[in-house]
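Enquirer: Given next are the chains, with one letter for each unit.
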Amino acid sequence: MNKRKSALVGLSVLSSLSLALAACGGENNSDNGPEKPSTAAAASNAAGADAAGKYDPPITVHSIRPVDSTVTYDSGEDISNNRWSEYFKDALGIDMVYDWTTAKNDDYVNKLNVIIASGDKPADIYQVNASQLQQLADAGVLADLTEAFDKYASPLTKKLMNGDGGKGMSSATFGGKLLALPQGSATITNNDVLWIRTDWLKNVGLSEPKSIDDLVKIADAFVNQDPDKNGKKDTLGLGITQGPSPSNGGVADLGGWFAGFKAYPDRWVKDAAGQAVFGSIQPEVKQALAKLQEMYKSGLIDKEWAVKDSDKFGEDVLTNKVGIWYGANWNSMYPIDISKNKDLLNVKPFSIVAVDGKQPVMQAVDPSVNTYFVVSKDFKHPEAVVKLMTAFQEKLWGESSEFEKYGTNANQSVSYFKYPLVQSWPATKDIPDNLDAIRAALSSNDASKLNSEQKGIYTSIKAFNDGDIVTGYSTARQYDAFEVIKKDDLNNQLFSLFYGAPTPTMVEKKQALDKLEQEVFTKIIMGAEPVDEFDKFVSDWKKLGGDQITQEVNDWVASHK
Amino acid sequence: MIKSSLSRRTFLVCNLVFLTGLSLLCVLPILNVLAVSFSSAGAAAAGEVRFWPVDFNVKAYEVVMKEGKFFGALGMSAERLLLGTLINMVLCVLTAYPLSKDSRRFPLRTAYAWIFVFTILFNGGLIPWYLAVKQTHLLDTVWALILPGAVNVFNIILMLNFFRGLPKELEESSLIDGAGHLKTLFLIFLPISLPSLATVTLFTMVGHWNSWFDGLMLMKSPERYPLATYLQSIEIDLSTLRQLNLTDPDTARVVSNRTGRAAQIFMTALPILIVYPFLQKYFVSGLVMGSVKE
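Line by line, the protein sequences are chains A and B.
Numbering that gives the first Met the number 0 puts the first residue of the first sequence at 0, with every later residue one more than the last.
Numbering that gives the first Met the number 0 puts the first residue of the second sequence at 0, with every later residue one more than the last.
Keep in mind the hints are simulated off the structure, nothing from the lab.
There's no promise every hint is true.
So, partial list: chain B residues that the calculated Cβ filter (under 10 angstroms) puts toward chain A [as the list claims (entries may be wrong)]:
| id | residue |
| --- | --- |
| 1 | Ala112 |
| 2 | Ile114 |
| 3 | Val116 |
| 4 | Leu125 |
| 5 | Trp128 |
| 6 | Tyr129 |
| 7 | Leu130 |
| 8 | Phe212 |
| 9 | Leu215 |
| 10 | Met216 |
| 11 | Ser232 |
Built from N, CA and C at the ideal position, the CB exists for glycine as well.
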């Protein structure tokens, strides 16, 4: 039924599509709000395309979206009437109408799933996840945006949308046709750093680690040499949380540790023959696990790690029990809570270390996109989505940007950037853009060039430097971590080779395989199984669907070269 | 009578304290919501409101009443409640009565009973459910919320077991007196089943009133959401009333999302709260006492 309907829709639309493309040439920038159109027009004229071209008469775009509790408003605004919707009406002639909204993303996904399954058209422009995109692309109900993007995206948008090396756009391309705009975000910020209590380091007379051996020495000293000088042997070594999480970007995960052995579990990496292989079953993982088992046996890892989630681990951090762990840049906000324990001021981020002592250490990140924006095939103005995206990025990061009006307000309490549905963020926003801007402002003591988001960060870090630890700690240390990541990883990132929607076998078997992996890793680290159990895991993994997944991933990689 | 020994008395005291605590746990949150709904925004945000309003005002209720969508949703819920409860109860009683007879009188009883129980154990899942409603062209009508759940097997089993517990002699004597099954059901069985009828009716009403998921899935336009779905789809904490187009700054000071939300919650809970005392009088046991001499 699905197929039949989409075929009908497809036929009826093909003609109107070309008509629509011709009919919506943009001009007419007159009678808009003050100053906005001139700057926007200037930016786009330079591009030679009419990205800011206005629909006259205005068009109505039906859309649907989740609007969660983090979306807040200034008095008088709501999701349908706000500064962004006004701007879209004035400058683009686009009137966004939300047919329905949900308060929870799960509700949105469920409702959209039933609508997609029933073959109905959900809306003109709407957001989908990777699996839904795959489904819709297979059903052939999405508009081809290739031409619209070429023609209407501003140079800025083209640059930002390809800021991740084109991976997001490539994952939205099916058979050479761009069927969606990916919601981009930074991947480099997923990288781990090593969080260490520097006061403890000083107490045990060690300096920052340069290799895994140094790290083991520090863990040993933290366990056996009473780093907190309270006369009790109540401290733990390297922090790990249950799971364990073998990839980076979490709290007390093992991504940084594995990277030190050139092992990249849960990522798809290239083998010697150039094929994509699953990181978790590579021999390097075995070495890394063996070392962890050795540490566990000599008491350098908490005996209870396998039952501690990040909340429980956080308690250990707050009660001065653990002083070294791998984690993401935001670990300074969680699990660290500086308002509960001022001593944590001494926790600082450091570069991760390798078993061969070489630095910097390369980490692997997953460039998958979670959210895409798609256009129904029978919508007459598929380029509207490109115009919306262009306007969003222009107003936040372009030459005519007004961050305080369209991004966040001065004290960061209201985030206006959440109002537009169609949005994508520069991969470089935090690292290096914000980082560099703020470092420059701090050294010159001149915050005038910063946008309001950066100003908020600047104020926090300045407060920290002036002694207001509680206000400034989390941001200041986060930017220290950004500094470390920039130094180590900016030119040195490894991307997972696969970043598409889950393949059919993944949908069916990945969950069981992930569980198997976690069980085996946990048992090996805790010494319940010998390290050689890893070899059995590898053959089990392959047998239980892994080989098939690998084949599918390689097919995907080949088609997304 | 039980002798009131020391241990007995200790138990009674502990029991009383425990049950009081338990009922307080149920009542206090409602009182808190009520107090918040009558308080000013500042006091509510500062967490000063416990069980008595601070800066008493009814602005929050005014704002909610002004918002047309709330009453639209209320109307939808009322329609659903009335139609749904009626249909559910009629079908429930008509199904439970024959199934309560034993297999000698109703040979295929067990087979029928299993067909019903089967639907408790297995269901088609989300998408088939949606497709069934769509193909029958019920989407976006109040019937989409009523008909898919019109036969509630759990309630049927409840009624069935109650019917079985009634003295057989009552049925026999009414049949001897020449009444058919319909007459027996409506003139003999139902009047003495009031306690369980009241219970099942209450279950059904609360169920209809509270269910939001089917409204979200089966109603295409938000204007036709029933109340529970409407409340679910607007935001849960912060921005509720801002979404309700609060433009008057003076009102904004007194009414915050929290107080407005509390007012909405209370207005939503009120109809069901009112129903309880009315059904209360049917929760009397012993209606069949003395009907049979053995």
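Enquirer: Look at each hint and say if it fits the structure.
Expert: Against the structure, the hints come out as follows:
A distance limit of 10 angstroms between C-beta atoms decides the matter here; for B/Ala112 the minimum to chain A is near 32 angstroms, and the interface restraint is violated. Annotation: interface hint on B/Ile114 violated; nearest CB of chain A at approximately 27 angstroms, more than 10 angstroms. For B/Val116, the suggested interface contact is broken, since its CB lies about 27 angstroms from the closest CB of chain A, more than 10 angstroms. With a least beta-carbon distance of about 6 angstroms to chain A, the hint placing B/Leu125 at the interface is held under the 10 angstroms criterion.
At about 8 angstroms, the closest approach between the beta carbon of B/Trp128 and any beta carbon in chain A falls short of 10 angstroms, and the interface hint on this residue holds. Interface hint status for B/Tyr129: upheld, as the beta-carbon distance to the closest one in chain A is roughly 4 angstroms, under 10 angstroms. Taking 10 angstroms as the C-beta cut-off, the interface hint given for B/Leu130 holds, the closest approach to chain A being about 6 angstroms. A distance limit of 10 angstroms between C-beta atoms decides the matter here; for B/Phe212 the minimum to chain A is near 8 angstroms, and the interface restraint holds.
Using the Cβ-Cβ criterion of 10 angstroms, the hint placing B/Leu215 at the interface with chain A is satisfied: the shortest such distance is roughly 6 angstroms. With a cut of 10 angstroms, the hint placing B/Met216 at the interface with chain A holds, because the nearest CB-to-CB distance is about 6 angstroms. Hint status for B/Ser232: holds, given a least beta-carbon distance of 6 angstroms to chain A, under 10 angstroms.
Going through the hint list in order, the structure does not satisfy hints 1, 2, 3.
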